[in-house]
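S.K.: Listed below, chain by chain, are the residues.
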Amino acid sequence: MNPGARRYILIAFAGIVALLYILRLFYVQVVDDQYKLSAQNQAFLYVTDYPPRGNVFDRNGKLLVINQVAYDLMVVPRDMKGCDTVGLCKILNITRADFDAKLIKFSGSLKEASKDYRTYIFEGQMLPELNARIQERLYKFTGFYVQARTVRKYNYPVAAHLLGYVGEVSQGIVDTSSYYKSGDYIGKSGIEKSYEEALRGKKGVQIKMRDVHNNIKGSYKNGLYDTASVRGSDLVCTLDAELQLLGEKLMQNKKGGIAAIDPSTGEILALITSPTYDPNLFVGRDFSKNYTILHDDSIGIPLLNRASQSYYPPGSTFKLMDALIGQQEGVLTPTTLYPCHSGFTLNKGMPGCHAHGSPLNLDGAISQSCNSYFSWVFKTIMDNPKFHGNTQAAFENWRKYILSFGAGQKLGSDLPFEMKGNIPTVETYNGIFGKGWHTMNVISLGIGQAELGLTPLQMCNVVCSIANRGYFYTPHVIRKVGNGNPLEKWDLKHYTLVTNREYYESVISGMANVLITGTARASAVQGIDICGKTGTAQNPHGDNHSVFVCFAPRVNPKICVAVLVENAGQGAWWGAPIATLLVEQYLKGKITDPSRLIIEKRMEESDLIHMDPKIKKTNPAFWE
Amino acid sequence: MREKSDSIFYNVDWFTVGIYLVLIIMGWMNIYSAVYDDVKSNIFDLSRLESKQMIFIFVSMALAFSILVIDASFFTATAYILFSGIILLNIAVRFLGTDIRGSHSWFKFGSLSLQPAEFAKWATGLAIAKYLSGVGKQDWLTKLAVTLGFIALPVFVIVVLQNETGCALVFAAFIVVMYREGIIPGIILVFGILVAIAVVVGLKYPNHLAIFSLILLVIGGIRLLLVRRTTKQILFTFGIVAVFSSMYLVSGKVMEKLPEHQTGRIKSWLGLPVSRQMEDRFGYNTKQSMIAIGSGGWSGKGYLQGTQTKFRFVPEQETDFIFCTVGEEWGFVGTSVVIILYLVLIMRLIIMSERQRSDFTRIYGYGVAAVFFIHLVVNIGMTIGLLPVIGIPLPFFSYGGSSLISFTILLFIFVKLDSQRLLVLR
Ligand SMILES: [Zn+2]
Chain A
1 MNPGARRYIL IAFAGIVALL YILRLFYVQV VDDQYKLSAQ NQAFLYVTDY PPRGNVFDRN
61 GKLLVINQVA YDLMVVPRDM KGCDTVGLCK ILNITRADFD AKLIKFSGSL KEASKDYRTY
121 IFEGQMLPEL NARIQERLYK FTGFYVQART VRKYNYPVAA HLLGYVGEVS QGIVDTSSYY
181 KSGDYIGKSG IEKSYEEALR GKKGVQIKMR DVHNNIKGSY KNGLYDTASV RGSDLVCTLD
241 AELQLLGEKL MQNKKGGIAA IDPSTGEILA LITSPTYDPN LFVGRDFSKN YTILHDDSIG
301 IPLLNRASQS YYPPGSTFKL MDALIGQQEG VLTPTTLYPC HSGFTLNKGM PGCHAHGSPL
361 NLDGAISQSC NSYFSWVFKT IMDNPKFHGN TQAAFENWRK YILSFGAGQK LGSDLPFEMK
421 GNIPTVETYN GIFGKGWHTM NVISLGIGQA ELGLTPLQMC NVVCSIANRG YFYTPHVIRK
481 VGNGNPLEKW DLKHYTLVTN REYYESVISG MANVLITGTA RASAVQGIDI CGKTGTAQNP
541 HGDNHSVFVC FAPRVNPKIC VAVLVENAGQ GAWWGAPIAT LLVEQYLKGK ITDPSRLIIE
601 KRMEESDLIH MDPKIKKTNP AFWE
Chain B
1 MREKSDSIFY NVDWFTVGIY LVLIIMGWMN IYSAVYDDVK SNIFDLSRLE SKQMIFIFVS
61 MALAFSILVI DASFFTATAY ILFSGIILLN IAVRFLGTDI RGSHSWFKFG SLSLQPAEFA
121 KWATGLAIAK YLSGVGKQDW LTKLAVTLGF IALPVFVIVV LQNETGCALV FAAFIVVMYR
181 EGIIPGIILV FGILVAIAVV VGLKYPNHLA IFSLILLVIG GIRLLLVRRT TKQILFTFGI
241 VAVFSSMYLV SGKVMEKLPE HQTGRIKSWL GLPVSRQMED RFGYNTKQSM IAIGSGGWSG
301 KGYLQGTQTK FRFVPEQETD FIFCTVGEEW GFVGTSVVII LYLVLIMRLI IMSERQRSDF
361 TRIYGYGVAA VFFIHLVVNI GMTIGLLPVI GIPLPFFSYG GSSLISFTIL LFIFVKLDSQ
421 RLLVLR
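Those protein sequences? They're chains A and B, same order as listed.
Position 255, counted from 1, in the first sequence is what the working numbering calls 255; the numbers after and before it change by one each time, with no gaps.
Position 225, counted from 1, in the second sequence is what the working numbering calls 225; the numbers after and before it change by one each time, with no gaps.
FYI, nobody ran anything at the bench for these hints, they're computed from the structure.
Just so you know, even glycine gets a beta-carbon here, dropped at the ideal spot from N, CA and C.
Mixed in with the good hints, there may be bad ones.
What the hints assert, rightly or not - List time: in silico PhoX-like cross-link candidates among lysine-lysine, alpha-carbon distance up to 20 Å: (1) B:52 with A:115; (2) A:480 with A:62; (3) A:400 with A:493; (4) A:62 with A:400; (5) A:36 with B:52; (6) A:153 with A:188.
Unchecked claim - Simulated restraints, written as ranges between beta carbons of each label pair: (7) A:212 with B:135: 46 to 56 Å; (8) A:48 with B:333: 28 to 38 Å; (9) A:147 with B:210: 53 to 63 Å; (10) A:34 with B:305: 14 to 24 Å; (11) B:333 with A:170: 39 to 49 Å; (12) B:208 with A:90: 28 to 38 Å; (13) A:170 with B:305: 31 to 41 Å; (14) A:50 with B:333: 34 to 44 Å; (15) B:333 with A:111: 53 to 63 Å; (16) B:305 with A:419: 53 to 63 Å; (17) B:261 with A:34: 25 to 35 Å; (18) A:118 with B:261: 31 to 41 Å; (19) B:305 with A:60: 54 to 64 Å.
Same shape as in the complex, but just chain A:
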């Protein structure tokens, strides 16, 4: 080749190399994202600005849940060289092995940890006292620093289940959410969970730049991409803190649940479950320890909210609905009389009854809680001629009425835990008795037994429907979020299938007599006309449950209460005094009458779980 022509080869060679380099740069700079991510990880430090969660107030403006400062001990494993590990372990009360285990959990291995420049929560939610001890010697703990966080503080140690708790977000949520990052806190149960989005506010983030030595070098682009945090919204809940407190006191050392609702709005005034726990146990670094203890208590099951997650046979309180359905179906009037001979004679004396005058009208049957009477009523509903002897059709008709009172279905409240309860179906009995079953097979439904199961919340909702003479509002605990208007979704009335106001008045008249001449007359309260109904629910788990439902006052009712005390005997013994004490507290503001104070003390101090069975089978109203 002529040497002069070699210039073209050389020019082409230079051009090709330049082109290859440009293509390589295009790949590295434009196509491949890994270098951008690495650069961000190395040079950017995302400092999260955690807003305080919203406070929670009770209906009277008392602060139930506020924030307190807690301290997270943060670590950057790579910077730990020269750290006084022994001293730190001593303060945290952990062993060296625990210490290393944490680092291994963060970085994979101790070797990796020495290169790991990411930040981890080494010890979360230290309360001020522990923080003070760490701060004293923090200069010796190279690689560690303390970051202040807000955690919950419960001013009233009540309503733990309802309020819920806040904890570190689970990995599952981190993986699926664009908001939560590992180490964030989230509402785990109760209203902390159902109103998480309102309460949490909005995290802010500041993008800081750091150099190769991990020194902070100011804000990225002077904070152009930083976002400010937004404080969480305050919640006003419908609870009455004092009422809740009293209810929990009365229920201590007993098992059971209470629901109290304002029938004119559906606002839950108190929701009590026993045994319960102090919500402050779920704050701070002892959370897991405390949680495990409560979780493992298989006898008391304190984590269960018995007021809305457990369902019980309603017992005689169920008779109120039969009385209403019977009238609506035209098979019962207030003057209808039925005889009682210590039992329902049509069915070989089952169910049995106690001694009282006979025959009784509707009013008397309610106040005396006559089992025979309501077996009759249930029989007439089931054998209503309009169904031409089709028991199953009559049963379906009856069942629809029951469901219209909110029994046997989730009410749609804002509680994150609500059980459906159980109202048996035709299929249930087809399964038990075969297809040709008849009224007498299921006669105990008339007195609230058999397969029936209602939560105390549902029992209370039934009473609300009666107090309102035909409708209820969905029970709820939050009336408004932040500075917003009261939530409109709670304004909807749900009508029952019993539509005539007079039917209710006749039932209410009987309920009033329950506390005047009837089964719960010992629990009457001077100056408040309470309408109630006792229940003594047989159950397969031992002694009868003591049930009482009531509302007051009779005109323009302000409060409905349903109390269920497990295995406590008759409704009049425990349910009625507890329920009426709550009514009194709510309507009068406090309990003043000396005789009522004695009852209150007796309820509060009685340990039903460990009580002598002989004493347990008596009415505490007549104790010396």
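Starting from the known structure of chain A, arrange chain B with the ligand on it as the hints suggest.
M.R.: For chain B with the ligand alone, coordinates are given in the frame of chain A:
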């Protein structure tokens, strides 16, 4: 007319001078950014690198002006003398120079330091041009032996002895000159490139000799199908296969015999296991350099906005890794513009070389083009992971007086020679 041709700027190739100025200004801006911190920098503070570089730029321009004033025949006349002088300096520095990180290539005068190896580039260019343009009709082997034996190899060995292997590799640029002059046949260059490939493949995939040889045999077989299969051709083909296979085979063994501070960079580049110390020195550099360039994206993070360079994740970012600042702050747009500017400069130098009546100017011009090209390829290739870490500067961009001044001298001697292209210089 007469006045005009007497002007020192008569016939100066302004296009080349223009690219030079653009590169110098861009280079200074990037050094400013690479050492920039939020503390208000003051370019009159002479302890700061960007201020020093500014002074080097002024010195360079003064030198460039001086070169344009001198008559071109000065360089043809004194080529050997300049070369000998620079060689003596380079030998002296081995014994008298200051030890900087194990290399003996710097003279220190107070706060100033000088690296004579940089100056050897243009001196060698002049010497080779002088010899090849004056040698007349000789067979190519004699020319090659003299050029290598008396000029290129001594320089190479002297610079290697200063512990500046990277810098010494630059003298391979003059192979291009000899290729252009017809002294080295193209087939030898192709053969050299293939040997390099065989060695690299042998290092990277040492346990696949069978596959490697098989691929060679298939290529050889295809070749044999296409040519007349004489015994000579068949022997030649199998000979080549045998040579490359043995290159493949011995590369790893030879590598193990060499000192680690030489082989570490190559192993690290190929992703082979290296000691922690080598990883920190070479692997870390490449990784951080690629993160800085790669994070620049399409149009970069903006001038003075680089995080990887500004916060010193990239080592030696104002000298050998200055291209990272370009990549991070100006993005793909910036890096392509810089590469294209260099390519245009190199092509311009080739075109200028080819328009000479004087063999001396042409040969020297190719030397200049080749020296720029090898710096560009090795330096940028290193920053984007295409080549191992070899510490040589990016002309006009990397911080440093010696390199800036000697690149200016290198270029402007040629600009001066070219301006007198109508005369035949010897
Ligand atoms: Zn009776």
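S.K.: Which hints from the list above does the structure break, by number from lowest to highest?
M.R.: 1, 4, 5, 12, 15
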